[in-house]
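**Q** One-letter residues, chain by chain:
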Amino acid sequence: MTGSLNDLRVIELCDEAGAWAGKLLADMGADVIKVEPPRGSIVRSYPPFYHDEPHPDRSLAFWNYNTSKRGVTIDLEQAAGREVFRNLVASADMLIEDQAPDRMAAWGLDYTDLAPTHPGLIMVSITPFGRSGPRSEEQATDLTLLAGGGPVWSCGYDDHTLAPVRGHGNQGYLTASNWAVATALIALLHRDFTGEGQHLDVNMHAAQNVTTEAASYTWLVAKQTVQRQTGRHASVVPSGDVQVIAGDGRYVTTGFAPRRPAQIAMILEWLHTLGIKEQFDQWPLLEVGAHLNHDITIAAIEEGGEDAMIFGAVRAALLFIAQHITAYEFFVGTQSRDMQCGLINAPDDVIDDPHMRERGFAVEVAHPELGRSFIYPGAPYHLPASPWRISRRAPLLGEHTDEVLSEIGVSTVERQQLREAGVV
Amino acid sequence: MPDKALSRIRITDFSGVLAGAGASRILAAFGAQVIRVENPANKGAWDPLRASAPYIDERRGHNFGGGWQNHNVEKLGVTLNLATPKGRELFPRLVAISDIVAENFAAGVLARLGFAYEQLQSIKPDIIYLSNCGFGHWGPYEQFKTWGPIVQAFSGLTYTSGLPDRAPAGWGYSYMDHGGAYFGAIAMLAALHHRHKTGEGQHIDLATTEAASTLMGTHILDYTVNGRRTRNEHGVDSNRGEALMAPHNIYAANGEDEWVAIACRDDAEWRALAGEIGKRAEDPRFTMLEGRLAHRDDLEALVGIWTADQNKFAVQRRLQALGIPAAAVQRPEERVDKDPNTAAWGLWPQVHHNEMGKVRVDGIPVHASATDWEIKRGAPLLGQHNYEVYGGLLGMSDGEIAALTAEGVL
Chain Z
694 MTGSLNDLRV
704 IELCDEAGAW
714 AGKLLADMGA
724 DVIKVEPPRG
734 SIVRSYPPFY
744 HDEPHPDRSL
754 AFWNYNTSKR
764 GVTIDLEQAA
774 GREVFRNLVA
784 SADMLIEDQA
794 PDRMAAWGLD
804 YTDLAPTHPG
814 LIMVSITPFG
824 RSGPRSEEQA
834 TDLTLLAGGG
844 PVWSCGYDDH
854 TLAPVRGHGN
864 QGYLTASNWA
874 VATALIALLH
884 RDFTGEGQHL
894 DVNMHAAQNV
904 TTEAASYTWL
914 VAKQTVQRQT
924 GRHASVVPSG
934 DVQVIAGDGR
944 YVTTGFAPRR
954 PAQIAMILEW
964 LHTLGIKEQF
974 DQWPLLEVGA
984 HLNHDITIAA
994 IEEGGEDAMI
1004 FGAVRAALLF
1014 IAQHITAYEF
1024 FVGTQSRDMQ
1034 CGLINAPDDV
1044 IDDPHMRERG
1054 FAVEVAHPEL
1064 GRSFIYPGAP
1074 YHLPASPWRI
1084 SRRAPLLGEH
1094 TDEVLSEIGV
1104 STVERQQLRE
1114 AGVV
Chain B
897 MPDKALSRIR
907 ITDFSGVLAG
917 AGASRILAAF
927 GAQVIRVENP
937 ANKGAWDPLR
947 ASAPYIDERR
957 GHNFGGGWQN
967 HNVEKLGVTL
977 NLATPKGREL
987 FPRLVAISDI
997 VAENFAAGVL
1007 ARLGFAYEQL
1017 QSIKPDIIYL
1027 SNCGFGHWGP
1037 YEQFKTWGPI
1047 VQAFSGLTYT
1057 SGLPDRAPAG
1067 WGYSYMDHGG
1077 AYFGAIAMLA
1087 ALHHRHKTGE
1097 GQHIDLATTE
1107 AASTLMGTHI
1117 LDYTVNGRRT
1127 RNEHGVDSNR
1137 GEALMAPHNI
1147 YAANGEDEWV
1157 AIACRDDAEW
1167 RALAGEIGKR
1177 AEDPRFTMLE
1187 GRLAHRDDLE
1197 ALVGIWTADQ
1207 NKFAVQRRLQ
1217 ALGIPAAAVQ
1227 RPEERVDKDP
1237 NTAAWGLWPQ
1247 VHHNEMGKVR
1257 VDGIPVHASA
1267 TDWEIKRGAP
1277 LLGQHNYEVY
1287 GGLLGMSDGE
1297 IAALTAEGVL
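Heads up: the protein sequence lines correspond to chains Z and B, in order.
Quick note on the working numbering: the first sequence kicks off at 694 and runs consecutively.
Quick note on the working numbering: the second sequence kicks off at 897 and runs consecutively.
Bound-form chain Z, shown alone (with noise of 0.2 Å):
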């Protein structure tokens, strides 16, 4: 069985910013062909490095965004290159690319350039504020798309003499990335009805504005503003710790605490089993909490009174357990309690937890030119029929590109020329 993609061919002209799409579409099944300067793609140069030691093709950070991808070198500052490139799309389903709004028209490699003799193309663009309007010349990095499209708003600490706080690992670039995945399978499926082809403008900025949840829906719909609060979600009104400590030093979350009264009373014998009962003042609301009649509502909580006291005894209460005992227990002992809690995990944490173990989350991709085989994060999601599979891991610079070449009627003696003339 092969991926969902396995009829595609792909051609990626993508650094940092789109490279992720590139591989979503590639792990599917698609062949990817990955296009870079001869220089390779400034991805090479960022670190970490295989063994620390800095090479273009031992960055970590690229075989994580470029797997089952073959790559190419193509010098498209060179005539000959973009006559290359021209004809590697002509061999392609779908282009997508992450350049600056005007570099692949000033390369004459544009939709409108290229989709004249070939109307089946789909060519997604990603670019930080969409090709065209008002923002469109603004630079951006990651960083700098979280801080002005929302995110970062939204997280940090309670303490707001505290800069606000910007996630980890080039989530701006995975959540635009995400969006021309998402949308680029919605124009093949369009493709696969119709055999229109069509370019999609992914705007990166706009790609972060709706992935802020509720920050950007309050202000849509109450005009109001909601405030960042250590570990927990941003509000209006702000809302009780859920981060503590754990007996062994890690930091547990206890997320939204519960409020069926079966599992307050499971709460309760858990302090007694633990035998830390006495030692928790507020046992007796959880008493109360055990024998009411209902489910304590969200309303009831933003409300006050009686039922948004026990709440905050309950939640209070799996913060005291937790320094009782080790994160990973307070995890599973809340879990099979039938309550939402969590462990914060290390990302490698993930890679040795038994059910993402059983589950086969860890998959051995296999590096023949350093004789090893790595344990690569696995797939996002199931699809049994048309399996998610790394084929491959991330190319060498310019490992593919005689391979490829070959494939679109370029002779040996013309690719020595190309190779002469520096054009790959």
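Possibly wrong hints are sitting among the right ones.
Counterexamples of contact, computed for chain B against chain Z with all Cβ distances above 10 Å [said to hold, decoys possible]:
#1 W942
#2 A1190
#3 A1197
Calculated pairs, EDC-like style, for lysine to aspartate or glutamate (alpha carbon to alpha carbon, straight line, at most 16 Å) [unchecked claim]:
#4 B:K1020 <-> B:E985
#5 Z:K916 <-> B:E1230
#6 B:K900 <-> Z:E889
Everything labelled a hint here was simulated from the structure, so no lab data went into it.
All C-beta atoms, glycine included, are put in the ideal place defined by N, C-alpha and C.
For chain Z, the structure is supplied; the task is to place chain B on it using the hints.
**A** Below, chain B without anything else, positioned relative to chain Z:
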């Protein structure tokens, strides 16, 4: 001839909150017919957003949840009580005319109602079934339950968001509810393409903890390849981040809780910024990236002093004029009402909701040249489209629908 990209696609959709409802919302904006199915017995209260703040005015109740309305625009709304025998007889008729059945219940809920994938498949052989939950439909944590913050905590997104020597700040909202929606939409669309080629449906098992963990790939590789763990005694500084850039941070600007983000991608951009700062920035330690990284505390302090008495948008304009990435940390009201980019994009379309009236909602950050999105119709009231769907699509008479409504089936 349908004029929208997905006009041929119909989804019977139990998906709620944002992680589920957000996925079908994207397809609906591009023309898919999404039939949101809710339980009349509890007035759709399974989805806590249906009656929750924010509210447009003083009115409350299941038709006034502001978030619910945002996440369910362009959908049809029907009621159906699957706990009743007649409800369970009726549901297969919806499945039979659908391309996708989607839900984000806890694992196993739909199966216990008698509608596991195998049953859905026996009703419609090429059905695509999306189940979306925190830990997936099998494995040791199968019965564990999550929502956005728990998914983020489990996957490393919370730990890696923060300032050094402090608790994790985490994401101040359900970032992974958006993530669940995006990955859910992608998976449904890929499955539709696969079905178009092969005629084959399938059961998509989406575990949002797995999806979230893929967003932390480079950190994971640093562990599996180099043995380096992200966890350390000082925690992370995600504003300085992983990039080889310095300065790269969020700085206080003039005013209360006003901030501006600045990133210098290379030595030339630093020189340009230093030129603005003036004499204090003429420090040979900062000329090259290596020096700026080695003396990062001093460098960031210097930039912070320079921004502290300036308006955040003035800093943004001043540095953008030099080609340096800089952005004011925008409040919701600033990016929604005053940002020329979001306005020109049409990012906040106005819909009409039958009770709330005119409301603006999140738009789509992608424009498509041939089949662009459209968001005009507000979210459905509870059971708003019962007659349109059960009558118009399934051919039931008004009398039948009224009787089933009276019996509590609809």
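**Q** Against this structure, judge whether each hint is valid.
**A** Each hint, compared with the structure:
{"no.": "1", "hint": "W942", "result": "13 Å, holds"}
{"no.": "2", "hint": "A1190", "result": "15 Å, holds"}
{"no.": "3", "hint": "A1197", "result": "13 Å, holds"}
{"no.": "4", "hint": "B:K1020 <-> B:E985", "result": "15 Å, holds"}
{"no.": "5", "hint": "Z:K916 <-> B:E1230", "result": "12 Å, holds"}
{"no.": "6", "hint": "B:K900 <-> Z:E889", "result": "12 Å, holds"}
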